Amino acid sequence: MIGVISYLVFFATTASILAIAVLGLNLQWGNTGLFNGGVVAFFGAGAYATLILGGTAQAGHLGGYGIFYPLALLGGMVVAGLMAWIVGLLTLRLRHDYLAIATFGVAVAFENLMRNAEWLAGGAKGVRGFERPLRTALGDGFIYNLAFFAVVLLILILTYLFLQRIVVSPFGRLLRAIREDEEAAQSLGKNPARIRLIAFITGSVILGLAGGLYGTFYAFVSPQDVLPTLTFQIWAMLIVGGAGNNRGAIFGAFLIWGAWTASGWALSRFAPVEVQLYTGSVQFILIGSVIVGMLMWRPQGFLPEHLVVSHKGKTKRKQQGEY
Amino acid sequence: MIQHLLDGILTGSYLSLGAIGLTLVMHILRFANFSHAELLSLGAYAALVCDALVSGLAPFLAVKLAPLSLTGSLILAILVSMVLTGLSALLIDRLVFKRVREKGQELSMVFASFGMALIMRNVIGLIFGLSPELYSRDIAFATILSRDPLILVKPDQVFVLGAALLLMFALHLVLSRTTFGYALRAVAENPSLAQVNGVNLQRTIMAVWLIGGGLAAVAGVFYGISHQLIPVMGRDLVLPIFAATIVGGIGSVYGAVLGGFIVGIAGNLALLILPSGYTPSVPFLMILAVLMIRPHGLFGEARA
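For the protein sequence lines, the chains are A and B, in the order given.
Just so we're aligned: the first sequence equals residues 1 to 323 in our numbering.
Just so we're aligned: the second sequence equals residues 1 to 304 in our numbering.
If you're looking for bench data, these hints aren't it; they were derived computationally from the structure.
Treat the hints loosely; a few may be bogus.
Calculated pairs, SDA-like style, for lysine to any residue (alpha carbon to alpha carbon, straight line, at most 20 angstroms) [as the list claims (entries may be wrong)]:
{"id": "1", "chain 1": "B", "residue 1": "K98", "chain 2": "A", "residue 2": "Y7"}
{"id": "2", "chain 1": "B", "residue 1": "K98", "chain 2": "A", "residue 2": "W297"}
{"id": "3", "chain 1": "B", "residue 1": "K103", "chain 2": "A", "residue 2": "R298"}
{"id": "4", "chain 1": "B", "residue 1": "K103", "chain 2": "A", "residue 2": "Q300"}
{"id": "5", "chain 1": "B", "residue 1": "K103", "chain 2": "B", "residue 2": "R30"}
Output of the computed footprint for chain A on chain B, the stretches with three or more beta carbons under 8 angstroms from beta carbons of chain A [as the list claims (entries may be wrong)]:
{"id": "6", "stretch": "105-111"}
{"id": "7", "stretch": "117-126"}
{"id": "8", "stretch": "275-281"}
Values in this document were obtained by computation on a predicted structure and should not be read as measured data.
We treat Cβ as the ideally placed atom computed from N, Cα and C, and that holds for glycine.
Okay, chain B solo, but in the shape it has when bound (with noise of 0.2 angstroms):
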């Protein structure tokens, strides 16, 4: 029971980073991205690329930072790999969704966003091989916290909680003290007005995904050292991540954070009373409570 909680919390805090991204893309573009968590793949992706350099261009940092299994290497790959992907979704965002923003409906962008999760997987496929890729190789061994119950608990566990949770001050810094931070609850809440009133639309858009990529970059990462990497990781990430949106209430990122805490907990809770075949499902019956108990969220608003 403990050791499920545990887990679930470890889930949580790379949903929440997935989750944070997404609704704040779903609150400003308004669409839903179907591609967002092929963003976590292709951040986990770049950083393994980037890891494989830096650890052969300075060996030294190389080295593993006890207790963790993580290397210097792959830390400073992680930040170059929130770059490329933030650059990467603004990329997209240029050649795809700008485009078709300017020709269509909302909705012709979750169809785009759907074309771009196809060919972004299966490009990630082409590249890197259908077989599971590892950080590390070595076997992280857990620290046991209680004997009796026998609660276990990996370094690198705990290092990916707590990175996380900073991130996510340091976000609420941003949101809450910045005129960056106003800027975009303004276009969230009223593009025309806000551009009335000096915010540049433009560059606030470009923002949001740089911000949605860095995450995103980060909890594939995570995800990355909590499983391990597979091409198909996206398909797996992508309902838990929308669950975590739609239990936050969409547009609201505490609710994202709290989203993914408890989608993540829930899933590991599941497994109390369901076999794990039927994990899968569980975000989808989420989904389903919320919209009958909630439906716009724990702290989500009416929008049309």
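Next comes chain A alone, as it looks inside the complex (with noise of 0.2 angstroms):
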């Protein structure tokens, strides 16, 4: 019983640390519409940095620097912020396919860079001497995962509530109206330019925490965390849950979460052993259907974005598929 309580509990721990980062990606594509085609980049920013500030002394990479754990965490907040900058910079000018392409180009450069530069983060032995917080107090059991578990809970419904303020805001409707029409927000005076670059950073930064809390949960972060895989499976999330809604994007974690791990432990149980080594293409091959087969038949996702539309004084709500 306590074993699978424990794994449950596990579970939940992974599905609400990516649902974090799914909230992050549902800012800049389901309300602002920009491509991040490199997921995987902020959120292995996010992880390396906060390991590397928060962690023990390591012969061979940088580390060493002790800090104190929230600090840590915000640490690798405004790492994955800054690479945002830097790319958003370059080019959300243009048009967005560019973004697209570039995103992706971090995501491979960061995994390349990760893998080779031993003297930065380990190369591909990963950065380990983590010590995880408070863990003199609560142990390495049960105890100190159902904490853990709560933090993140926490953390997750607080990155709702924010983000829930942010669409009901004037900023969240200036967003949406970037998205619909770039030309017509800008001749109401707004810099969609502006305007685009803080969405992507912001939710860059949260994509950043998300790694942060996956580094600090394992302790330990390598090359293998950072592989397009994870991108695949957040947008599927947040593509199945519905882009444009929150609700939808914490939901799609958890089915999609669910559905990779149920799909991986049913290969291997039940599939003769000479398929168990292209477990991870029937994997992937199921990833890639459910993208497009949710493209091609329910794009707005299970739990579709709300479209609130002012109407002589009264508020109508409208499904997007309606215009």
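These two chains come separately, so use the hints to put the complex back together.
Written out as structure tokens, the structure reads:
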């Protein structure tokens, strides 16, 4: 029994961390229409920076700053934001293909750098020597995992509330205005390039936060954690859940992570041994089919965005599909 | 130095072929197609199967055309693979991209192309296995052009470069001398206006996929001849090809050709200053450099 509960806590922690990442992506893609092809780079920047800043000294690569944990996590978010700032500054003025390609390139280059630069982050061996915060007080067992889950859940709720605030604020309306008709927004004296840059950086900072929590949870990060797979998973979560809807983003994260875990378990349990070598391939085909299938049959996702249209003082709710 | 330059030009020849198709699709259908590199793998594997079939049916074709390691059957297989890959590109557009296009925004297409890339890459992996394949098991001996500095060239590489340049020249003639070429440019400029003037939009889109797929097949086979065939080759090729289109300017065929060679040469010259592990990052650095200096590429124009 305790085994099942402890597994559920483990599952829910991972899914909640991913849900935070999906919320960050939702601000970029769902609310602002910015295509981030390198989700994993910003996630990874948060994870690496948190572990390097908060970890103990390691021979051969950066680290050992032993910074107070919340500050280390904040540092991870700042690094992710800085990366977004550079990429955004160069691409957000151009047609949107450029952002897609450049962010995809960031992810390739980030993984490549982490794998090769041993002086920076241990290369292929990854960053070790990170002590999880409060470990001396709570130990390594179930209690710690439960407490960690509570913290992650709290951060997820706070992120959700923060983003909900943004959606209904004038700034949220501005984001949607730019997404729907950039020139119209510009004619009203708004600066689309600047607003998009702010949204892109904010979303990436949230991705970095999720990455930092992920790194903390495993107390280890290596290039294997920043493969493009994670980008695809996080996208599938957003598309299935419903781009533009924060509740949809969280729902999608739990649903897809559940499906991913279940399919991996089923393949290892029931598939013949010679197929098991190809478990990864089968799972990739599944996730690719989920993305393509959703876009073909239900592009708005299971929980679609609610567009609030002001109408003679009354508020009327409409689904996106009716436009 | 000269050896790296030479290798870069040879890399450039297949990058250019891949980039031409990609830049056309990005120009006419207005989306960054992340599954284009998978068409290269598809073409390469289709040629592998055709090669085996042809040399089985007509063994006299399976003789090497000295000094190349290429056989007559492989050349025949390339032609068949061009047609097959072009048709597959068309089929994928019909089944997936066309529907997504009608349903959603431009960027949904980018998502869909990522999904398609994942599906195609892993289906190829399931069918052919994850271990590398080769067109020819024989060792291709390099010809020594000069001993000091040591410069080596394989006859196959010369053939690849020559064939690539020939194909590009043929495409140039089609684009600049035929009504079809004009129609293609008209659609890229303004789809509605082109239709008013009697250009068949659907047929033009079909032609773009056929040309893009066909050139991608050749590029894939040339990659396979120069290196080896692996199911994940698309993953390694997608960024260099995108870099080539951005360096050349999205939408410009000549830009794509030049961009392909520039990216190929830069990737090889980078070996002089960077450890080889960093090679996959070079296309990204080139994209950043181009965006900083000349955002619309060498031959591109601003377009929203």
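- [ ] List in ascending order the numbers of the hints, as given earlier, that are violated by the structure.
- [x] Hint check: 1 fails alone, others pass.
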